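S.K.: These are the residues of each chain, in order.
Protein chains: 2
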Amino acid sequence: MNAQVVDQVRRVAEAARAAARVLANASTALKDTALQAMAQGLRARGDQIRAANAQDVEEARAGGLSGALIDRLTLTDKRFEEMIASIEAVVRLADPVGQIIKEWRQPNGLLIRKVRVPIGTVGIIYESRPNVTSDCAALCLKSGNAVVLRGGSEAFRSHGAIASAIQQALDASGLPRGAVSLIPVAERAGVDAMLELDDCIDVVIPRGGEELIRKITRQSRIPVIKHAKGVCHVYVDEAADLAMAQAIAFNAKCQRPATCNAMETLLVHERIAKAFLPKMVTQFRQARVELRGCEATRVIVPDVHPATEEDWSTEYLDLILSVRVVGSLDDAIDHIKHYGSAHSDTIVTNARAHADRFLQEVDSACVYVNASTRFTDGYQFGLGAEIGISTDRLHARGPMGLEELTTYKYVVIGTGQIRE
Amino acid sequence: MNAQVVDQVRRVAEAARAAARVLANASTALKDTALQAMAQGLRARGDQIRAANAQDVEEARAGGLSGALIDRLTLTDKRFEEMIASIEAVVRLADPVGQIIKEWRQPNGLLIRKVRVPIGTVGIIYESRPNVTSDCAALCLKSGNAVVLRGGSEAFRSHGAIASAIQQALDASGLPRGAVSLIPVAERAGVDAMLELDDCIDVVIPRGGEELIRKITRQSRIPVIKHAKGVCHVYVDEAADLAMAQAIAFNAKCQRPATCNAMETLLVHERIAKAFLPKMVTQFRQARVELRGCEATRVIVPDVHPATEEDWSTEYLDLILSVRVVGSLDDAIDHIKHYGSAHSDTIVTNARAHADRFLQEVDSACVYVNASTRFTDGYQFGLGAEIGISTDRLHARGPMGLEELTTYKYVVIGTGQIRE
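Residue numbers (numbering that gives the first Met the number 0), protein chains in the order written: chain C, 0 to 419; chain W, 0 to 419.
Everything labelled a hint here was simulated from the structure, so no lab data went into it.
Do not rely on the hints blindly, as some may be mistaken.
Keeping only pairs whose Cα atoms sit at most 16 Å apart, straight-line, the calculated EDC-like set for lysine to aspartate or glutamate is [what the hints assert, rightly or not]: (1) LYS336/W to GLU13/C; (2) LYS214/W to ASP191/W; (3) LYS101/W to GLU402/C.
Predicted model only: the values in this text are computed from it and were never measured.
Just need the whole structure built from these sequences, with the hints factored in.
M.R.: So this is what it looks like as structure tokens:
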């Protein structure tokens with residue numbers, strides 16, 4: 000590895016670790032003041048930030064990047080205002096640090112308190128949306144964590160301009176700049192160096208494509224909380240209200256197909272398939288959804304492409320849907336266990352016993368009955384905000400809000416107890 | 000890597016993963032029946048187990064292993080009975096699976112439940128104590144997890160005989176044998192192969208020496224919860240009750256010096272050092288504790304070896320203690336932050352403000368006021384049992400009991416809700 004890059008990245012991470020120790024003991028009032036200063040600072044430097052973004056967009060166009068990528072990269076006026084509003088919203092959220100999770104007294108008189116504390120330093124690796132820089136900075140600051148950010152190189156100037164405005168606000172509030180920092184290396188070597196620093200960074204949260212996340216997980220010496228793919232299912236049970244099922248399935252696929260909580264596979268019980276599928280398919284076709292079906296689906300609805308084995312485990316993130324007719328609730332559960340990604344899955348049914356079995360046996364981060372998978376989201380769950388959606392099993396599963404950015408320590412208060 | 004070893008280990012891990020799916024849905028009654036069968040099975044096969052252990056011990060002696068290691072390896076009658084009693088104690092603990100951690104209703108009517116579920120498959124890498132095999136098997140089974148065990152090769156026959164008795168009991172109870180399995184390879188290659196299997200094993204808990212844990216953490220593709228070293232401190236504040244301080248410091252060092260929660264460094268405020276240290280040192284010397292002190296300590300108490308820089312961060316696990324006189328509470332906190340291992344640290348003081356600062360600013364898994372660090376223990380905390388003591392920050396910190404062997408899922412109950 001390039002020694003200069005390694006040094007640069009280490010200096011950033013060490014400053015973050017030092018800042019984390021200050022932040023862990025900062026009052027809610029001080030953190031909120033800094034957040035307000037951040038919002039004001041971004042507004043005051045709006046012209047510079049937009050100019051930096053315009054340069055990134057221009058370069059991306061010249062480099063022939065895809066329209067979708069350029070769209071994600073572009074900081075429109077509306078997005079700029081939303082970015083500031085998000086920081087202001089974080090000010091209004093409860094500070095998780097210092098919350099007593101549990102408290103009890105042992106027979107020997109020891110009072111044991113399980114108290115929330117910040118994780119320490121959080122590393123976030125993401126792509127080109129400029130607002131992720133400020134969203135993550137705000138959530139980490141409120142939860143008392145220092146954050147080391149590594150955004151996509153195509154948005155390097157935008158991320159830099161936003162981070163610089165944030166650091167000025169930290170300065171003005173009397174908090175260390177190291178509380179929010181950006182890896183100052185546009186090349187991939189910046190990430191490589193970052194992932195070695197397990198003495199400075201306590202957790203890495205990668206947000207992005209499957210390949211990026213796999214690579215980071217394999218390479219990192221730092222614990223990783225993956226935000227990986229969602230192959231989400233809607234299962235329409237034989238005991239479903241078919242109108243409700245159609246509304247839920249349509250919403251889960253079409254309301255925002257590019258998100259990880261959108262449905263990718265529709266499972267339909269064979270007893271109601273003939274009554275359900277034709278209308279459902281008509282609605283999907285009106286919304287230009289491309290359908291890929293199993294044999295039984297293709298018997299009921301003509302002109303559906305045959306689904307391949309690969310389709311069942313594909314996260315389309317697009318207006319494409321695979322459809323399978325299943326013989327039983329067991330078959331539906333088995334399909335989800337085999338092909339799913341344990342993200343979000345829903346059953347539509349009026350049979351309580353079927354719902355209970357589905358909720359018990361499908362071991363996904365979020366299991367639903369009679370609701371759209373699109374609710375898997377920090378805001379929709381009432382967490383106030385989210386840093387992302389964990390697809391890992393340890394520490395945090397599903398939507399991660401401020402509480403999930405904390406850990407705990409035990410505070411034990413005695414009167415001279417010793418162990419016999 | 001040897002392809003045959005890789006295959007063997009993969010087969011074990013795949014069986015564990017399949018068993019985990021059964022266990023996740025097993026009732027408390029069924030798990031408790033299996034635990035009782037395990038206890039009975041161990042008793043019934045006591046002679047075989049002891050014979051296997053005698054062979055291990057003989058080989059260890061012939062191989063010239065240290066007395067301490069042979070002691071840990073030896074399954075005395077008392078230890079054999081304790082091993083069985085531990086399983087019976089786990090039967091009496093509450094089943095964490097299915098517990099509702101939180102439940103709330105969103106304004107749109109969605110009922111959201113955060114429910115405890117097993118982690119899945121837990122890998123445990125440990126050394127030569129035979130009881131660890133059955134302790135871990137019992138705790139993982141009760142918490143609905145399959146466990147893949149990899150004990151030290153010097154106890155290979157003992158671990159095997161115990162695991163075999165446990166698997167027979169699982170059979171008899173109608174649970175899959177894969178619920179508790181042993182890596183069937185005595186060589187290091189068995190661990191290497193195990194640490195690759197992130198598609199079958201959800202978490203690895205290494206218990207053992209610092210070097211072993213570092214190696215596993217660097218090598219593992221599976222998330223690791225470290226059970227690493229404890230460099231624990233007792234700080235005797237200027238406002239301490241000196242008799243209480245002496246009792247706590249003596250207990251923290253001498254009650255069981257080979258444990259990770261024993262004190263390794265004693266910090267003493269300079270204002271009370273002259274009143275405190277001579278008596279304290281006399282008591283330590285009577286208990287044959289070797290002392291290594293800073294300059295100021297050596298001025299007050301003659302004949303103390305000088306402490307080196309290395310001493311301050313050393314986990315002796317033995318009757319050795321480093322002693323430092325500090326100028327202030329701040330100096331004590333700084334020393335602990337710099338040299339400590341964030342395991343367990345205590346302040347002895349009658350000044351509430353000093354205690355509050357120490358508890359707030361020392362970011363260790365367990366921070367104490369006026370109590371011995373030796374209480375950092377699952378039983379002493381009232382968790383009923385422990386799989387170990389986490390020195391990591393994510394998922395679990397400090398003593399890990401049954402709850403810490405679980406994760407959660409969100410169960411969301413709707414009446415047709417879709418996202419607008």
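S.K.: Confirm or reject each hint.
M.R.: Tested hints:
1. LYS336/W to GLU13/C: Cα-Cα ~15 Å, so holds.
2. LYS214/W to ASP191/W: Distance ~10 Å between LYS214/W and ASP191/W Cα, so the pair holds.
3. LYS101/W to GLU402/C: 13 Å, holds
The structure is consistent with each of the numbered hints, conforming to all of them.
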